[in-house]
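One-letter residues, chain by chain:
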Amino acid sequence: MTESVFFYLLSGLVLSSAWSVVRNENLFHAGLSLILCFVGVAGIYMNLDAPFLGAMQVLIYAGAIAVLLLFGFMLTHDLMKARHERNQHLAGILIPVLMALLLVGTILNAQWHASSGQPVNFGVASLARRYMQQDLVAFEMVALLLLASLMGAVVIARKEEGSRE
Amino acid sequence: MDLVTAYTGQDVALVLIMLLMLALILGFIAGSSLILIWAERKVAARIQNRVGPMMTGPRKFAEFSMWTGGLLQTAADAIKLLVKELIIPSKTDAIPFIAAPVLIVTVCVTAYIVIPFGPAFSVSDLNIGVVHVVAISSLTVLSIVMAGWSSNSKYSLLGGLRSAAQMLSYEIPLIFALLGPILLAGGLSMQKMVLAQREYGCWFLLPSLLGFLIYYVASIAEVNRPPFDIPEAESELVAGYVSEYSGMMFAMFFLAEFANMFLVCSVAATVFLGGWLVPFMPVPDNPTPVYILLGILTFFLKTSFLVFIMMWIRWTFPRVRPDHLMNLGWKYLFPLSLLNLLICAGIAVLKDVYKLNGWGISLASLGALAMVMLLLQVVRIPRPDTFLEKA
Amino acid sequence: MTPQEFAKHLGANYPDHQFEIDPLNENCVLIPLQLVPQCFELLRDDDATQMDYFDFSTCVDHPPDRLDLVYSMYSTVYKHRIQLKVVLDRQNPCVPTVSHLWVNANWNEREMYDLFGVFFPGHKDLRRLMMPDDWEGHPLRKDYAHPNLVVRPD
Amino acid sequence: MLIRTWWCALTSPSDDGGALRTEEFELNMGPQHPSTHGVLRMVLKMDGERVVDCDPVVGYLHRSIEKMAENRTFTQVIPVTDRLDYCTSMTSNYVYVLAVEKLADLTPPPRAEYIRVIMTELNRIASHLLWYGTFCLEIGATTPFLYSFRDREKVLDLFESACGARLLYNYIRIGGVGQDINQKFLDRMIEFLDYWEPIIPEYEALLDENPIFYNRTVGVGTVPLEMCRSYGVSGPNVRAAGVAEDVRRDDPFAVYKDLEFEIPTEKESDVFARYRVRMRELRESAKILRQCYEKIPSGPYGLPLNYRFKVPEGETYVHIESPRGDIGCFLASSGGDKPWRCKFRTPSFVHIQLFKKLLEGVLIPDIMAICASFDIVLPETDR
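Chains as they are written, first to last, in my numbering: chain A, 1 to 165; chain B, 1001 to 1391; chain C, 2001 to 2154; chain D, 3001 to 3383.
Misleading hints may appear alongside valid ones.
[To be verified] If you want the ones that stay clear, here's a sample from chain A, every Cβ over 10 Å from chain B, calculated: (1) 67; (2) 75; (3) 103; (4) 110; (5) 130.
[As the list claims (entries may be wrong)] Just so you have them, the derived chain C footprint on chain D, three or more residues with Cβ under 8 Å: (6) 3053 to 3066; (7) 3090 to 3101; (8) 3208 to 3222; (9) 3238 to 3251; (10) 3255 to 3266; (11) 3295 to 3301.
In case anyone wonders, no lab produced these hints; they're calculated from the structure. Fair warning: this is a prediction, and the values are worked out from it, not measured in the lab. Beta carbons: idealized from backbone N, C-alpha and C, even for Gly.
Isolated chain A (complex conformation):
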C-alpha cells in the first residue's frame, strides 16, 4: 500500500517540476526544477525496488549532467534576457498532441504479461553478469559511442581555446 502512495507522490513531483521547467521565466529556476525532476524519477526507481538504478540516476543525472547545465547557465552573459520566440504557437501545440497520441496508442495495444509474483532478484551482481555475458556487444557499442562523444568534446574545447589565444 505504501508503494502506491509513494508512487503517486513522486509522479506528482516529477510532473510539476517538468511543468515548471517549461514554464519558468528564470532560467536558473528552470535548471533547478529539472534537477528536482531527475531526483523524482530516481525516487520512482527506488520505489520499484531498483535501488542501484535510482542511485545511478541521482549520481549521473542530478549530480553531474544537471550541474554542468547550471555551469553553462552561470557562464553565459545576461541570462535573464533569454529571447522568447513567440511565433511558434502552431508547432507548440501540434507536436505535443502528436506525441500524446503515439504514446497512448502504444500503451493500449501492448500485451502486458502479468508479473510472476515473487520479487525478481535484480541485484548488481546479476546486472554485471548480464553485461559481461549476454549483451556484451551492446555494452561495447555504448563504450565506443561514449569515446566518440568524448573526442568530440575535446575537439570543440580545443578549437575554442585556440580562438581565445
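Since the structure of chain A is already known, use the hints to place chains B, C and D on it.
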C-alpha cells in the same frame, strides 16, 4: 535492531522506526559536529603553538590541561549564530538562496543511513551502500552552485563556478578508488564490505593502499577542505559562495562541512580500515552486546584518527591553484585509480584460486605496491635546478 | 662621473646651450627647458653615462614665478647618480614627458600633474593619481588654500 | 510559414562564429579587499578566471606627508616620517635625518651611528617576518603566520625597551638618537639572536620542500632584468633577478663600510626566488647585528641641538636600503627652521606600477601570490 534490518514487515511501524533512526542520526551529527569543530580548533592551536579556546566550559577542566579547556566553545558559537539576524540581500533570488543550506544539510543526513557504526548497527543496510553515499554526496555540488549563483555577487559566482568544477572532477577518482574494495568484497553493501574484510583476514587498506590514498585525497577535495578549499579561498574570493550568508544559514554550511568530513572519513574507515573489526579479536558469529560496544568503539577510533589527519593537513599545507588541482585530479589520481583496480583484481584472483590467507594477501599487495613505486619513478616530474641546489 | 664632468659632457653634445652646476645642490646640473627629452635620451643611451635607473622627479615651488622640476637618475653600470633641474614658469608649467624613456617616470609625472599642476604633453594617460578625479586646485603648491587646511602657528 | 521559421532556426549561424565566447567582466579588487596590504584597489578586466587587464588605483591612503612636513620644524617632521611606512619606520626616520644632516653637515658621534645601524637591521628583521607571515597567508598556509608573529613580538619588545614604542618609534633624531641603549639591551638582543637563528630553517622547512608551495610560486610572476631596470625595481625584488645591488654596499652610509656581509641573490626573479632572497637576507641581518654588538663604541649618543635650529639653504638627495627597496629623501631648505620641500622616493610606489604589465593573463590566485611577493605597502605609495 534486527527488526530494522528486516526491512519488510508492517509498513507503518517501519516508517516510524525510520523516523526514529533519522532523528537519532540528526542528533548524532549535531553532537559530533560540535565536538569536531572544537577538536579542529584545538588541533590548529596546538600546531600553531598557541592554546585555542579556553574560556568557555567548566573552569576546573581548563586548569587540568590545554586539551580539556573551552569545551562549550562551539555551543557558545552556535547560540551566537542562532541569535544573529538572517540578512537576505535585496537583489538575490530568494528560493535558491535559502534552499542551498537546507539542501546541503539534508544531503549530509541522508548519506549517513548506510554507515555501519557497529556489527548490525546501521540505520538500514541498503544493498547499494557505497554507491548510495557517493550518489547523495554528489548533490552537495548543487547546493554550492545554488549558493554561488543566487547571492548575486561576482565573488560568490566565481566561488560557485570553481567548486562545481572541482567537485565534478574529483568525484570520478573518488568512485574509482572505491571500486577496488568493492571488487574485493564482491558487493556494494557496507556491512558486506566489513564482513569481507574479516573473511580476507586483512584490511582492504593493504591490497588497495593506492586506492586508499586516492580516496583520501579526493575526499578532501570533495569536502572543500584546505589545501583544496579554492571555492572559499579567503585571500582571493573573500569567502567565496558563503560571503553573503549570515546567522544560522552560515552555521548550516559550517555544520555541513564538518558532518561531511566525518561522513567521508567514516566511509574510508569502513571500506579500507575494516569498520568495526576489532584488530586482533576473532569475530563471534552471533554478536554479543560486549562485542557490539567494542566494535562501535574501534569504528570511532579509526574514524577520528582519519579526521585528525585531515585537520593536521589543513593547517600545514598552502592552498593549491585551481588548474594544478584539476591537473592533479585528472592526470594523476584518475589513471592511478585504474591501476589500483588492476592490483585489486589480481589479489582477488589470488584469493579465489590459491586460497591465500591474510598474511599471503598482504605480502602480495606489498609486492604490487613496490611495482607501482617503480612505475612512478619512471614518470618522475622534472624539477628546475633552483630547487635542487639548496642555498 | 662628477657633476662637473656631466655638465662638460652635455655641453659638448649641445654646444649652443650652457650647463652649470646648481648653486643650491652641488650634485645637480641646470638644463634648459627645450632640451628635456633629447638630453635625457642622450644620458640614458650614451654608453659613457648609461643612466638606466630613474629615481624620481619632483617639483620645488618658489611662489612668485619660479617652479623648479628636479629629475634624479642613477647608472647601475658606473654607479654614479645625478640630479637635473629645469626651471619652469609658475603660471602654466609645461614640460615634455620622459615616460617613454623610463616607465617609472609615468606615475611620477602623474603625481606632479596632480599635486603641482605641471602639464606633460606626450604623456599617455595624464590624470590625477592621489586626489579624487573631481578635486580642484593643486595641494602641494605653496599658495594652496583649502577650508580644512590648518596652518600650524609658528 | 512553419517550414520557414524552422529553416532559419537551423541555418542561422550563431552570431559569434560558432565558438563559445565567454563575456569579459570587470572585477573590482577594491580598497577593502582582505589581502591588498592596506588600501590598494585593482580594477581587473577578467575573462573567466584569467586577468585580461589590470589597472592599480592608489591614493586611498594619501595623507600628503610632504605638505605636513612643510608646516613643521625639522625636528617635528620626524614623527611624521614614522607614518610613511609603518612596518619599517626606523628606515624612513633614518633617510630623512640623513638628508637633514647632509644639508646642515652635522656628523653624529660613532656610537649613534652604530645604534642607528642596529635599529634599522632589527627593523628589517621585523619587517621581513611580517612579510613572511602575510605572504604565506596569501598562498593559503595559515600556520607560518603564527610562527613569524611569535618571533616578531620578541623584536618589538626589544624596540619597546630601547625607545618606548613598538611600531612608530620617533627614535632616530637629527644628530644622533633619542635615548641611549645600555648593555642589558645588547645582551637581550644577542639572546634573541641565539634563540631565533636556529628557528629560521624551521620556517623554510614548512614551505620549501612542499610541492604545493613550489607549484604555486616557481615560474610565477617572472620579472626579466631589463623590465626591472626600466621600472626602477630595487631591493630584494631586483636581487632576485640575479643582480647584487644594495645601497648598503654600493653607496655605503653610516658604518656599513666596516661591516662585512654578503648580498644574497637568486637567478629566476620569480615569486620563489624573491621568497628565497628575503629568507637569506634574514640571516645576513643577524650577522650584521652580531658584528655591531662587538664593535659598538661607548661615548655620546647624540649632538646637543636646540630644537629649532636653522638649516642653511640648499637641496640634497640621500637614499638608504629599506627592507622593501631603495628609499630616498629629497630635501630642499630655504634657510628657515622648516623644510621648504621634502620629497620621499619610496620603493612600493615603483613596484605597484609593475602590476599593470605583470598581471596580464594571470589566474586570480596568482594575483595574490605576485602582489605579496613584492612586499608592497600602501602608506609608502600614497604618502
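Among the hints numbered above, which are violated by the structure, and what are their numbers in rising order?
Result: hints 1, 2, 7, 8, 10, 11 break, sorted rising.
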